[in-house]
Each structure stands twice: as structure tokens, then as C-alpha cells.
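Chains as they are written, first to last, in the working numbering: chain A, 2 to 372; chain B, 2 to 372; chain C, 2 to 372.
Just to be clear, a hint being listed does not mean it is correct.
Identical copies look the same in the list; a pair holds intra-copy or inter-copy alike.
In the BS3-like style, the derived pairs of lysine-lysine whose C-alpha atoms are separated by at most 30 Å in a straight line are [what the hints assert, rightly or not]:
hint	residue 1	residue 2
1	K246	K218
2	K215	K246
3	K132	K351
4	K132	K317
5	K322	K69
6	K130	K322
7	K246	K355
8	K317	K72
9	K85	K72
10	K85	K42
11	K355	K287
12	K138	K317
13	K69	K317
14	K215	K101
15	K246	K132
16	K215	K322
17	K246	K85
18	K287	K218
19	K138	K246
20	K287	K138
Please keep in mind that the hints were generated in silico from the structure rather than gathered at the bench. Only a predicted model underlies this, so the values are computations on that prediction, with no experimental measurement involved.
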Amino acid sequence: MPVTDQNYKDSDDLNMKSNIRKSTGQIAQYLGSNLLGDTGKIITGVAPFEDSSPHDITLVGDVHFLKKLDKTLAGAVIVPESFKGVEGLVAHGRSVFPVKNPRAAWAMVMQLFYPPFHPQWGMSNSAHKGKNFICGKDPNIGPFAVIGDNVIIGDRVVIYPHVYIGEGAVLGDDVTIYANVTIGDGTKIGSRVIIQPGTVIGSDGFGFAPDGEKWTKIPQLGIVQIDDDVEIGASNTIDRATFGKTLIGSGVKTDNQVHIAHNVTVGDNSLLVAQVGIAGSVTIGKHVILAGQTGVAEHLTIGDGAIIGPASGVAKDVPDKAVYSGAPAQPHRHWLRVQNVVATLPELKKRILKLESLVAGKTDSGESEKD
Amino acid sequence: MPVTDQNYKDSDDLNMKSNIRKSTGQIAQYLGSNLLGDTGKIITGVAPFEDSSPHDITLVGDVHFLKKLDKTLAGAVIVPESFKGVEGLVAHGRSVFPVKNPRAAWAMVMQLFYPPFHPQWGMSNSAHKGKNFICGKDPNIGPFAVIGDNVIIGDRVVIYPHVYIGEGAVLGDDVTIYANVTIGDGTKIGSRVIIQPGTVIGSDGFGFAPDGEKWTKIPQLGIVQIDDDVEIGASNTIDRATFGKTLIGSGVKTDNQVHIAHNVTVGDNSLLVAQVGIAGSVTIGKHVILAGQTGVAEHLTIGDGAIIGPASGVAKDVPDKAVYSGAPAQPHRHWLRVQNVVATLPELKKRILKLESLVAGKTDSGESEKD
Amino acid sequence: MPVTDQNYKDSDDLNMKSNIRKSTGQIAQYLGSNLLGDTGKIITGVAPFEDSSPHDITLVGDVHFLKKLDKTLAGAVIVPESFKGVEGLVAHGRSVFPVKNPRAAWAMVMQLFYPPFHPQWGMSNSAHKGKNFICGKDPNIGPFAVIGDNVIIGDRVVIYPHVYIGEGAVLGDDVTIYANVTIGDGTKIGSRVIIQPGTVIGSDGFGFAPDGEKWTKIPQLGIVQIDDDVEIGASNTIDRATFGKTLIGSGVKTDNQVHIAHNVTVGDNSLLVAQVGIAGSVTIGKHVILAGQTGVAEHLTIGDGAIIGPASGVAKDVPDKAVYSGAPAQPHRHWLRVQNVVATLPELKKRILKLESLVAGKTDSGESEKD
């Protein structure tokens, strides 16, 4: 075989290579942050705390990291503004970036050093382009992609191989559609949207009218609209509306294997974690978080800022900012209190049996109880 | 960028365009229904109650709609036969179709005005056709579809781009396979079957024999058979049988992300809602409804006409026509009674504590209880 | 239409055809097992107990089969070493293979008679090969497969149509990738790995840093590594690590629609049943079984040999060899005891009411209770 151990080893770091070099001063400018220590240090990458080299920048999340400063070789560190220990870090030769939101700064520095990597296909000759295709600047369209008639795409759009884009779809600027994604006809997608592989947008909603023992298909005539800055995970399914639109608001992020039925609205900046399922005509507010494997029954409303715990079953409306858990989903604190009692039920049952004995004036009820 | 606000707006109505014109008399004939009011009115589309124009037909489901008749401009309405208020509608200039099953009639009128839209590829030169491919009349096969050796398909079959059809598969007439679907070798599909995008039919069943710490693959030698008038949702997985067949009966409809394991039988006209998972060798009766996220353990039987509530865990057989809920699934009424008590458990526990105090002859048990 | 009833019937047995003929003596040699009865009998296939012909070999799992020996015509049978009844089988003209592990032997005999079937594409001209593609012996690469730059694959690799293999991926020998699979850049795959259709390997992990109301993408720089002898089911999603690798140990088998988040490690020979979801940075031990629809919360550890029941919600670490069930997951025996009491809660509540009446010195509490 042509594959050697070295081949496996080489590829290990493939995604970690960066040819980008920035001085600590440039990074401070990029972040709009203060900088303590050496402003001219050259940084060439980002790394986790314990795996850093002197040319890496890393994240020091809290004071616990101070105790293990000898574990990192990082030349530069991002810390919270409130961090007590900046002087120690500088004394140890680090360049220090105190910021308001360290995790967001860390994410932005990673974006700086590791811009998205895509193969450069230009406009592949092996892609199928439909009639009246209107294409923005610098397209990057892979082999065997299929673009339907009357499609319009913005600038710098990346379309991976085996993507199908249905008739009349509209995509904004800087959209990335990974491999094996299906985009149904009429879908509207904003700018800076990322769709991970294997996802289906614009499949028919699950609409059937009972007619005796059989089911008559209700044609699904609406579309899916995905607003700016959305990221859709791998192998999601988002159905087109019966009439009108299924709407994914701007800034929404979905994890893998999320299902969104017809006529659902997901408000701006909400997070849907893996394997969430949302039934038809549900309205989800802004900045909502649905934890993994949660289901939401049809026609419900989840208020702005609500958080629903994992594997919950939402069976009625949820107010703004509420924290719910369980199946059926209920206020998290009540659910916790109930769960605490549930866990002690066998013992509670024994106490009831004992009470029954005592009340009956017997110390031995004679009952043989298996629980 | 070449995408304008007008582009987004234009595409909004893409799927709603219909060039079909029918008189109300023609619609009555198509539905086989009575018609009151103008029989010569021209109808050009179907719309929801509040979004209708005078050339639209809409649905008036019950008398509550009567109160808001001023909210619709629809020129024609479908109503239940029992509807009290037909005269009022006719007096307001509507053509009225009283029918036994309004939702089914509504679905059929939508089918009349909005026949399925598919790009017209004919037999694409960019598709790959295997040896001994036998193809019916009027095929519509998209670019980069791959059809294996010895495949037979009926008339008017639509195969979207990036579909893979394995060796020896047989498809009936009027079948539609959307993009990025995989059909394993030997799969049998009836007529008028629709398979939404991203679905996998005929993957290997999950069969492994333990051999010490390791697992030995049990080859999966059977097939999947899908009967007439089935619709399979997006991103389903239906495994081939170990021996024999996994069988999806006629008229079955599945929602998105449904998983059906090897050797399962799903009876005619059953509905499987999104994210349902069915383990191996389960037999599901006819006209069963499994609500979303429900799981069924292996080798069980679910009787004809049974209904299983959302996110249930079916752990033993379910009788005909039973309504079950919960995990483990149990008769719905019992489950409701149990859930009602569960919700009050913290309060019940306090009552038990109080009883214990009283029985012990004390009013203060001295116990510090946190629940 | 060109499809006849005979076409449907013909294809029924497509996968069951085997041109392989072996004597019972050859099979004993292959299994390394004893053989009683005729050693020269020719066997041409494997079949279930009741569907066997005299040239088939079948499995007799336990003594219950002895009572219905007249139901099988099989010429050869695999039995457990401990099986009491070998003489009866031999007397009835069967060749008998007593083995330590009958199911594993049965699986191996099936592998012998039914080696994996794949179309023979060789290196399809319609596949897209990137720069510096290093390809082992006897490749079998289907039409419209796309292989990125700097990919290395071993000998006898099968790549179905519409597979996308990202830049720098490395695959070992005897790997099979079914249709419509996406393999992200940098993925490392060992030898004898099978990936069922529609699966996504190496999508971005779900990593976003909160920044006010918005979410900033955390670039996902790591890879996915899949070791030898792994089988991944259909429509799985396995995310790349943020840094480092998401690791699927050797011999792991996953069912369909399994989700594995970034930085997860799955230990050797573990089984993940359908629709399991594993959150980020979870460590799963060796030879663990997660039953269907189970979820595991982030950063947890599940010990070697643990078994988690179906639809469980793992919310804290699980020790080695533990058997857990429920949501939240807990020791299975405790969960069973709790569930038994839960099922009787309405009756328990009545008993509490009765106690309250008795203790209050009344026989009728006057309370009207609906549960």
C-alpha cells in the first residue's frame, strides 16, 4: 500500500498550518484591545494553553491558569480585563491582551490566522450551470455542482461538489455551501451564510390530509428563507413552507442533524443544538437556545431569550427568558425539584408503607412489597 | 454584488405561480362535489383564507371563519357539508363547494393548480447509465445522476442530480427521486413514490456478531421494498434486510430524519413523524401514527391503527387502535394520570413528612428537608 | 410501463445469489472448527433456519431448534459447542459444525459465501482527481466522485459516485466509501473501514463564542481520525476537532444517524446504536454500548465496558462496566425500581389521601381528588 505512517502523521497538522505572521501590535489593533508587554513580537499561530509555542497566542480564561503558567510556552495571551496577574505574565515575557470578552477575542484571532480553507476551482467546467444564471465576482464552484435555471448568486460564493441548487434560488455574497447539500427551488439565502455538508434546504413540508384510510398530499408551495450570517450544521433538514416561508433569522447557528419543519420561524441569533426537532408552524424567538435532542410540538411559541435543556419535549408555549427542562418541558427549577423526589421514590414508598402500618396499629403490615 | 432586494422579492412567489385557469364548474366536476353560487367564475390559484384574491379558492374550515368573512377576498370557498352559513357565503358572491372532507378537497385543488414542478432534463447526457438499463417513457433524469447496471424504471420517472441508483433496482411509474438520494442495489420501488432529498435506502442493516472484544460483520443480503404511493421524507435511512426484505407498505408517509432498521415492516398508510427511530425486525401495522422523536425497540409489534405520542419509547407490543405515550410507552390515559402526579411530587413529599410528624405525635419533625 | 411483476420478483433475490461452492470440509477448515457428519457435502449458500435448502448452511442457536428440525432442509448446521443433540442432527443427515461462538461463525460463513458486491468502475474517467493524488492498487472509483488535492489512498479502495474526499485526506487499504458521503479535508481513515451512504465526516464542530447578542465562529482546525476496522452507518455526522482530533477507535461500529461532536473520543470496539448523539469533548471507553437515541452531555467520560440503555440522557460520568438507563442516566437497577414506583403513583397518591383522612380522624376527607 502507498500509505505510510508518515502520511498519517503529516496530515495531522494539515489544518493547523498558517502562513500568516502578525506582530502583537497588529493583533491589538485588529482586536481593538489594550496590549501589555512586547508590541513587536511576531505571532504565527493560535494554540491551546498547554500546546503553545513561543510564536503562538493562547487564551488564559481565569486565574486557575496562573498556577500552571509553566505549562505553556505561548508568547502572547488573551486574558479577561478583570484578570489579576497581568504583571506576572508580562514579567514572564508574555505579551498580554486584556479584553472584555476573551472567548470572542480568541475566536477572532483564530479567524485572523486561519481563514477558511477551500480548494480553488474557479468556475469548474464540470459544473452544470442552468439558463439565466447570474453569477457574482470570484465564484468558486466545484466539479459536478448543479445550478438550476434563473439562479442568482453574489460575490465570492463557494459551492462544493455535488451541491444541487434549485431553480430561482438567490444567494448573497460570501456564502459557502459544502458538499452534497441540496437547496430547493426558490430558496433565498443571505450573505455570509455557511451550510455544512449533507444538509437539505427546501424539502417538502410533511403535509397530508386524511381521506379515509389514505393520505392526500398537500402541495408545499412556499420557500425557505435564510438570513445573513447564519450557519447551518451538517445533515440538517429544513422544509419549505406550505404557503409563505420557513424563516431562519440572521445570526442563527444550528448544529448537526437538526430538523426544522414547514412554516417555522427561528428568531435572530438563536442556537439549535444537535438533533433538535421543531414541528410545523413553531415560532422561536430571538437568542433562544435549544439544547441537544429537544423537540418542540407544532404551532407553539418560544419567547425571546428562552433556554430549553437537553432532550426536553416542549408541549406548550415558553415565556421570554424562561429556562425550561424535561418532557413535558417545565420551569427548570421545578423540574429539578421533581427529579430529586423521583430519584427517591422507592424510599418514599417504603415510608408510606410504614405509615400505613403505624396508622393501622400494626408494626408489621404483613404485606410483601417488591419495588 | 449582483443580488438586489428585488431579486429576493421576486423569488418569494416563485412556487406560487400557476398558469392554470379553471372555472368553478370545472373544479366541482374535478372534486365530484356540489357547487352553490356562480359556476362560471374563473379561478387561477389557491391561497390561505386571509391572503386570497377574488380569483383564488380557499378553505373555510368551520363557522369561526364566518365571523371574519371580511378578511378574505377569495372568490370560491371549500366548506364542510355540515357548514351552516352557505347562503351567507353565496350572498357575498362566493362560489361554495360543500364537501365531506374539506382538507382532502383543499389538498386536491392545490394539486390541480400546482402540479409538481421539476426542471426538464429529459435524459441528461451528463447522467451515467449502466448496462442493460431499461427505461420507460418520458424519463427526466438530471445531470450527474448515476444509474447502475440492470436497472429498470417505469414511465415518467424523475431522477434529480446526484442520485445514485444501485444495480438491479426496479422503479415503477411516476416515481420522483430528489437530489442526493442513494438507492441501494436490488431496491424495489412501486409507482407514484416520492423520495425527498438526501435520503438513503438500502444501506446495510446494523448487524454484528460479538467475537470476544471485537464485532464480526453479518452481511446484509436482503433488500428494501417500497410499495405504491409512498412518500419518504428528507434524510431518512432505511436499511436493507439481513435476509428477505425491509418493507414499506403502500401509502406510507415518513417525515424527515426517520430511521428504519433492517427487516422492519411498516403497514399500509402509516405515518412516521420526524426523527422517529425503529429498531430491527419491528412490525408496524396499518394506519399507525408514530409522533416525532419516538423510538421503537427491536422485534416489537405495533397494532393496526395505534397512535404513539411524541418522544415515546416503545418497549413492548402495542395493541390495535391503542393510544400510547411516554417512555416506556403506556396507555396514554394512564400516562397522563401518572404525569399529573409526578408534577406534584415535591408537594406530595411534604404531605408524607407531615403525616410522619403527626403519626409520631409531633407537630415539628425536626427534619430539615430540601426538595 | 416496462416494469413487470416478474421484474419485481427477479430482483427479490438479487443479493442472495452466490456462485461460490464449498464442501463442508472446506468450511470446517475456514472456521477452524470440528465437523461431524458428511465432510464432502457441497454447500452453495447460507439461509435462515426455516428457509434453507439441502445445499444451504444454517444456524441452530439452541435446543429449541431441535423440536422443529423438520422445519429446515438445511444440509449443514452451525451449533454451539455445548449443544445437546449433535447425534440427532447427524442421524438426520446434517453436517454439523460445533463452535464456541455460533453467531460469529455464522457471520463468517455468510462473509465466505457473500463477499461484498460492488460495481466494477476501475478508475472512472468521470471521477475528478486532484493534484498529487497517490492511489494504491486496484482502485474502484465511481463516476462523479471528487478526490481533492494531495489525497492518498491504499489498495483496493472502493469509492462510490458522488463521494467528496477533501484535500489531504488519507485512506488505508480495503476501504469502502458508499455514495453521497462527504469526507472533510485532512481526515485520516485506517484500513478495512466501511462508510455507509450519506455520512458526513469532518464537518466543522459547533463552536461559537458569545459576543453580546451575536455568536462569533470559532474556526475548527482539527481533524477526524478513524482507525482500522471501523464501520460508520448511514447519514452519520462526525465533526472535526477544534484543535487536535476527533477519534473513532479501531473496531467501532455506528448505526444510522449517529452524531459525534468535535473532540470526542470513541474507544475501540464500542457500538453506537441509531440516532445516538454525543456532545463535544466526551470520552467514551472501549467496548461501550450506547443504545438507540441516547444522548451524552459534553465533557463527560463513559468507562470501558459500560452499557447505556435506549433513549437515555447521560448527564454525569459513567464508571467502567456500569449499566445505566434513564434521563438523567443512572444505574439500571435503580432506574427500574424508580420506574416501577412511578407507574403506581396515582394509586400511591390515593393511599396518601387515605392516610391523611385516617390521621385526621375522619373516614371521608371531603376532598374531591382527580388524578
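Evaluation of the provided hints:
When the C-alpha separation of K246 and K218 is checked against a cutoff of 30 Å, the pair qualifies both within a copy, at 18 Å, and between copies, at 27 Å. Taking the closest pair of Cα atoms, K215 and K246 come within 30 Å of each other both inside a single copy (27 Å) and across two copies (24 Å). In the homo-oligomer, the alpha carbons of K132 and K351 never lie at most 30 Å apart, since the shortest distance is 76 Å inside one protomer and 72 Å across protomers. For the identical chains of this complex, K132 and K317 are neighbours neither inside a copy (47 Å) nor across copies (55 Å), given an alpha-carbon limit of 30 Å.
Taking the shortest alpha-carbon separations for K322 and K69, neither the intra-copy value of 38 Å nor the inter-copy value of 34 Å comes in at or below 30 Å. In the homo-oligomer, the alpha carbons of K130 and K322 never lie at most 30 Å apart, since the shortest distance is 46 Å inside one protomer and 52 Å across protomers. Proximity of K246 to K355 under the C-alpha cut-off of 30 Å is found in neither arrangement, the shortest distances being 60 Å within a copy and 56 Å between copies. When the C-alpha separation of K317 and K72 is checked against a cutoff of 30 Å, the pair qualifies only between copies, where the shortest distance is 28 Å, while the shortest distance within a copy is 50 Å.
Only within a single protomer do K85 and K72 lie at most 30 Å apart by alpha-carbon distance; the minimum there is 19 Å, versus 64 Å between protomers. Only within a single protomer do K85 and K42 lie at most 30 Å apart by alpha-carbon distance; the minimum there is 23 Å, versus 79 Å between protomers. Taking identical chains as interchangeable, the C-alpha atoms of K355 and K287 are never at most 30 Å apart, the minima being 52 Å within one chain and 45 Å between chains. In this assembly of identical chains, K138 and K317 lie within 30 Å of each other by CA distance neither inside one copy nor across copies; the values are 47 Å within and 50 Å between.
Taking CA atoms no more than 30 Å apart as the test, K69 paired with K317 passes between copies only; the shortest distance there is 27 Å, against 48 Å inside one copy. Within a single copy, K215 and K101 get their C-alpha atoms only as close as 60 Å, which misses the 30 Å cut-off; across copies the closest is 15 Å, which meets it. Taking the shortest alpha-carbon separations for K246 and K132, only the intra-copy value of 25 Å comes in at or below 30 Å, while the best inter-copy value is 43 Å. Proximity of K215 to K322 under the C-alpha cut-off of 30 Å is restricted to the inter-copy arrangement: shortest distance 16 Å between copies versus 42 Å within a copy.
In this homomeric assembly, K246 and K85 never come within 30 Å of each other (Cα to Cα): the closest approach is 51 Å inside a single copy and 33 Å across copies. With identical chains, the CA atoms of K287 and K218 are at most 30 Å apart between copies only, with a shortest distance of 18 Å across copies and 33 Å within one. Proximity of K138 to K246 under the C-alpha cut-off of 30 Å is restricted to the intra-copy arrangement: shortest distance 29 Å within a copy versus 35 Å between copies. Proximity of K287 to K138 under the C-alpha cut-off of 30 Å is found in neither arrangement, the shortest distances being 33 Å within a copy and 51 Å between copies.
In terms of the numbered hints stated before, the structure departs from hints 3, 4, 5, 6, 7, 11, 12, 17 and 20, listed from lowest to highest.
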